[in-house]
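Residue numbers (our numbering), protein chains in the order written: chain D, 2 to 309; chain E, 2 to 309.
Among the hints, erroneous ones may be present.
Intra- or inter-copy, both count: the list cannot distinguish identical chains.
[To be verified] Capping the alpha-carbon separation at 20 Å, the derived lysine to any residue pairs in SDA-like fashion look like this: (1) K233 with D121; (2) K233 with G122; (3) K233 with G141; (4) K233 with S116; (5) K233 with A104; (6) K233 with L309; (7) K233 with R77; (8) K233 with A200; (9) K233 with P84; (10) K233 with M192; (11) K233 with A289; (12) K233 with I30; (13) K233 with E262; (14) K233 with E197; (15) K233 with G26; (16) K233 with P124; (17) K233 with R188; (18) K233 with E120; (19) K233 with N263; (20) K233 with V86.
Calculated from the structure, these hints are not laboratory results.
Number of protein chains: 2
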Amino acid sequence: MTEAPAALIGVDWGSSNVRAYLMTGGGTILDAIASADGVATVAPGAFAATFRRLVGGWLDQWPALPVLASGMVGSRNGWREAPYVPCPADARAIAADLLAVEAAGRRVLIVPGLSCESEDGQPDVMRGEEVEILGIATQGARLVVLPGSHCKWVAVDEEEIARFQTFVTGELFAALRDHTLIGAFARTAPMGAPGEAFARGVLRGASAAQGADGSGLIGALFGARSLPLTGKLAEADAGDYLSGLLIGAEIVEARRRFPRENPQVAGASALAQRYLAAFAVLGERASAAPPGAAARGLLVVARQAGLL
Amino acid sequence: MTEAPAALIGVDWGSSNVRAYLMTGGGTILDAIASADGVATVAPGAFAATFRRLVGGWLDQWPALPVLASGMVGSRNGWREAPYVPCPADARAIAADLLAVEAAGRRVLIVPGLSCESEDGQPDVMRGEEVEILGIATQGARLVVLPGSHCKWVAVDEEEIARFQTFVTGELFAALRDHTLIGAFARTAPMGAPGEAFARGVLRGASAAQGADGSGLIGALFGARSLPLTGKLAEADAGDYLSGLLIGAEIVEARRRFPRENPQVAGASALAQRYLAAFAVLGERASAAPPGAAARGLLVVARQAGLL
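Based on the provided sequences and hints, a complete structural model is requested.
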């Protein structure tokens with residue numbers, strides 16, 4: 002059996018990293034490139050040159066291969082701004098709005114991000130995650146959680162992205178830990194695998210978000226200081242506790258809008274492991290999403306766009 | 002009628018500032034000193050010398066006058082640690098636990114802070130605010146709100162401090178504004194008097210803390226970015242909106258534990274004005290606490306300690 006030929010160059014181009022894939026039409030990854038040339042590091046006007054430097058070898062070797070790029074590369078600060086596609090949106094709707102740019106005589110198709118509006122009128126946006134979700138949705142997911150600075154919860158209906166919401170949990174944790182007095186104990190505490198203090202934080206954050214016992218999140222946050230200060234939590238556990246507190250609160254909040262379905266947690270990061278641990282603490286059935294979602298999602302969009 | 006003689010040197014010695022008062026037994030302030038020699042700026046072992054430098058003139062002129070000091074001066078990083086007095090506590094209980102230190106042959110009595118435990122077992126502490134509250138309580142207050150980095154809500158019962166809780170609203174606002182992507186618009190926005198965007202933020206924060214429309218605080222925070230990003234909030238209003246969001250959420254949270262009573266908001270700061278505006282937006286009756294609370298509270302403690 003001969004190896005299937007390369008059929009797509011897919012680029013997942015985020016703020017801080019780029020991952021590029023040389024793929025067959027069946028989704029086999031023949032070659033991959035990872036680099037720190039994220040959108041935030043590329044000067045305006047330098048995207049075509051950066052692109053050429055990153056995947057020039059593939060372009061030369063495969064002069065007719067289509068190129069698809071997703072992520073912050075399509076933002077205002079990226080190569081060119083690709084307007085958001087409103088939810089609900091499936092791969093076909095997304096593929097219908099690809100934005101073409103030119104580099105080294107080749108056409109690069111940029112995948113647009115998605116927009117959404119919550120019941121209370123708050124707008125929401127994503128760029129890049131939509132491709133990952135399409136990659137996960139092919140395997141039957143109905144609720145996907147993508148942990149990160151801005152964690153996304155996404156409802157999927159028959160491979161259509163129905164709606165989503167952003168929770169600023171990761172960014173909130175970093176700002177509190179690094180720049181507040183209540184985060185001072187957490188700042189010096191080691192962060193290993195989630196342990197007992199994490200579980201305690203998850204339960205406390207969940208009750209706070211529920212308003213149980215007359216509590217709430219802003220008040221519960223003071224515990225990250227007052228518990229170690231009064232010897233009721235080991236100082237070394239303060240970071241784990243604070244992390245649990247925020248993730249526990251997020252899960253309760255998010256479950257108001259995304260009830261019932263068992264979540265699939267995307268990514269293999271330590272943070273994704275924390276989310277899986279938090280779901281377990283709260284007695285919820287959650288699973289890790291299958292790996293390789295971004296590459297698979299790029300292939301889904303490429304197919305809908307007739308590139309394959 | 003001759004002027005009443007000086008009867009007390011009272012020092013309100015916080016982390017970043019010192020205010021000292023030369024007072025008569027009836028509470029008239031004969032002289033006052035304000036300085037930036039807060040506890041955070043004084044080297045360990047240098048408190049006696051700093052004290053002498055600040056109020057040496059009064060000490061020389063009034064060789065028999067009692068000296069009472071409150072605030073972070075009694076913390077672990079202060080002059081000497083004065084153990085917390087548990088709530089409920091009145092002026093007599095606080096006066097019973099004054100801690101004496103020596104400086105220039107004079108005795109300085111340090112007022113202890115208060116500790117408290119909430120219904121869900123979270124410990125809470127204050128240092129310095131208890132004196133302010135005693136000063137306000139003499140005028141009949143039953144619920145006092147002291148805005149700041151760590152805002153305190155305090156229930157007062159017949160001039161006894163019944164219980165209190167800390168909300169980290171101010172510190173949360175600063176960390177989000179100065180150190181996150183969702184705070185980027187707020188960071189560059191001017192902060193004037195609270196306006197329409199503030200009111201909008203208060204209402205949104207209040208619904209989020211109530212979990213109304215399936216919302217919650219961590220999700221609502223993303224609005225500080227997504228609303229200006231999509232043109233649904235002027236960029237110049239982002240700071241006012243974020244400030245309102247957090248204060249509105251705090252008020253709803255705090256009202257779970259401190260219902261019914263009309264709050265008195267302590268201090269004449271711009272932040273205190275924001276709290277009064279937020280209470281008004283939520284249809285609550287709140288008033289400004291009478292000024293001069295710290296000096297009056299020091300006098301209350303001095304009387305209970307038999308110093309006058």
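So, going through the hints one by one against the coordinates:
no., hint, result
1, K233 with D121, "between (39 Å within a copy, 13 Å between copies)"
2, K233 with G122, "between (41 Å within a copy, 10 Å between copies)"
3, K233 with G141, "neither (44 Å within a copy, 35 Å between copies)"
4, K233 with S116, "between (44 Å within a copy, 14 Å between copies)"
5, K233 with A104, "neither (60 Å within a copy, 35 Å between copies)"
6, K233 with L309, "neither (60 Å within a copy, 39 Å between copies)"
7, K233 with R77, "between (48 Å within a copy, 17 Å between copies)"
8, K233 with A200, "within (15 Å within a copy, 38 Å between copies)"
9, K233 with P84, "between (51 Å within a copy, 16 Å between copies)"
10, K233 with M192, "within (19 Å within a copy, 39 Å between copies)"
11, K233 with A289, "neither (33 Å within a copy, 36 Å between copies)"
12, K233 with I30, "neither (51 Å within a copy, 42 Å between copies)"
13, K233 with E262, "neither (36 Å within a copy, 32 Å between copies)"
14, K233 with E197, "within (13 Å within a copy, 43 Å between copies)"
15, K233 with G26, "neither (57 Å within a copy, 42 Å between copies)"
16, K233 with P124, "between (40 Å within a copy, 8 Å between copies)"
17, K233 with R188, "within (18 Å within a copy, 36 Å between copies)"
18, K233 with E120, "between (40 Å within a copy, 15 Å between copies)"
19, K233 with N263, "neither (34 Å within a copy, 33 Å between copies)"
20, K233 with V86, "between (49 Å within a copy, 18 Å between copies)"
In the structure shown, a violation is registered for the earlier hints numbered 3, 5, 6, 11, 12, 13, 15 and 19, in ascending order.
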